[in-house]
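Residue numbers (the working numbering), protein chains in the order written: chain A, 9 to 89; chain B, 11 to 228.
Please note that the accuracy of each hint is not assured.
Pairwise CB distance ranges (calculated) [claimed, not checked]:
| no. | chain 1 | residue 1 | chain 2 | residue 2 | range |
| --- | --- | --- | --- | --- | --- |
| 1 | B | 170 | A | 14 | 44 to 52 Å |
| 2 | A | 54 | B | 46 | 20 to 28 Å |
| 3 | A | 57 | B | 52 | 51 to 59 Å |
Listed below are the simulated DSS-like cross-link pairs for lysine-lysine, each with C-alpha atoms no more than 25 Å apart in a straight line [stated by the list, open to error]:
| no. | chain 1 | residue 1 | chain 2 | residue 2 |
| --- | --- | --- | --- | --- |
| 4 | B | 73 | A | 81 |
| 5 | B | 89 | A | 86 |
| 6 | A | 81 | B | 89 |
| 7 | B | 61 | A | 86 |
| 8 | A | 86 | B | 73 |
| 9 | B | 32 | A | 81 |
So these bits of chain A aren't anywhere near chain B, every CB distance computed over 12 Å [unchecked claim]:
| no. | residue |
| --- | --- |
| 10 | 48 |
| 11 | 73 |
| 12 | 75 |
No lab work stands behind these hints: they were computed from the structure. Beta carbons: idealized from backbone N, C-alpha and C, even for Gly.
Below are the chains, spelled out letter by letter.
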Amino acid sequence: MPRLSTKVHLLDDAGYAYNFDRMMYINRAAKKAFSIEFIDDNPETRIQEKIQQPNQGENWDIYTNLPMSDALKIELEKVLQ
Amino acid sequence: MPRKVEDRLREEYFRLLPQAVKLAARLKTEVEYRLLPVTDKLAAHESLIVKARVKDCESAIDKLRRTAPGRIFDPNPSKEYSLLSLRDFVGVRVLTFPPQRIAEVNDLLRGEFPIWLPDPILDEDGEHLGFKYDGTFQDSQILTEYQIVSSLIGLFWEIEHAAIYKQAPNVRGLAPLMRTQTSAVYRSLLAFETEFERQIEKSESGSSSANVYAGDES
Numbered sequence: 009m010p011r012l013s014t015k016v017h018l019l020d021d022a023g024y025a026y027n028f029d030r031m032m033y034i035n036r037a038a039k040k041a042f043s044i045e046f047i048d049d050n051p052e053t054r055i056q057e058k059i060q061q062p063n064q065g066e067n068w069d070i071y072t073n074l075p076m077s078d079a080l081k082i083e084l085e086k087v088l089q
Numbered sequence: 011m012p013r014k015v016e017d018r019l020r021e022e023y024f025r026l027l028p029q030a031v032k033l034a035a036r037l038k039t040e041v042e043y044r045l046l047p048v049t050d051k052l053a054a055h056e057s058l059i060v061k062a063r064v065k066d067c068e069s070a071i072d073k074l075r076r077t078a079p080g081r082i083f084d085p086n087p088s089k090e091y092s093l094l095s096l097r098d099f100v101g102v103r104v105l106t107f108p109p110q111r112i113a114e115v116n117d118l119l120r121g122e123f124p125i126w127l128p129d130p131i132l133d134e135d136g137e138h139l140g141f142k143y144d145g146t147f148q149d150s151q152i153l154t155e156y157q158i159v160s161s162l163i164g165l166f167w168e169i170e171h172a173a174i175y176k177q178a179p180n181v182r183g184l185a186p187l188m189r190t191q192t193s194a195v196y197r198s199l200l201a202f203e204t205e206f207e208r209q210i211e212k213s214e215s216g217s218s219s220a221n222v223y224a225g226d227e228s
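Please put together the full structure from these sequences, using the hints given.
Given below as structure tokens:
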């Protein structure tokens, strides 16, 4: 798996900013967030695919390796706004 | 008003703290005792230091928070958050310089804690930096770990922690972006230690052959 540093440029270039409180790359305009673990564990192609995939709904698209309850997703969306 | 997860964890922390402090002291003493065969034969330039610590309150809570997506506690967790799930609530670190004693220290402690789970410390490039094991000690419900690393790397972690993360544990979230630079520090420290050991060995083998030569002369 390539280093993290070789993958984060994809997110930087797509207008994502790193939030160290959340340990996530966040793009408020696109309503998407990628956890650092997701970026670590997935190849560039998959990250690129998720960046390009349009967000169809009102809710955030949050990419993480860990399971998330509905209540947690609601809380997380509140702090990501 | 319902209590926040953090408030409940702070209460749990101070309930566990007296037991954790005693546990840290006991584990440190046990490790020092088991390492006497090594410390007794250290050369003048060598050092072996055993340090123990109990994770401080905010670091412990922050570590637990970092296990959840977005570093936010689930308001309705399937299982209640507890500091007893932290594998390093109490920790002992063995620092050796130069690092050639690490394997010997590891063998001795492995014999004492054979069922503790290994979790080797690697840098971003997969370079082995040290040994780490976690388990339970003397039937305590608090989980403990011990690490064996070179003094230079262990002291770098202490400085990094004190200078950056101690006052603001959330800034630890920047650590993944600093991996390349941190790996460069490790490589420099490892190179320093390797060269130090090489020079010591060279010097020792030089004195030995000089003595033989002196004997031949006489």
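Q. Which hint numbers doesn't this structure obey?
A. As far as the earlier hints go, 1, 2, 7, 9, 10, 11, 12 are violated by this structure, in ascending order.
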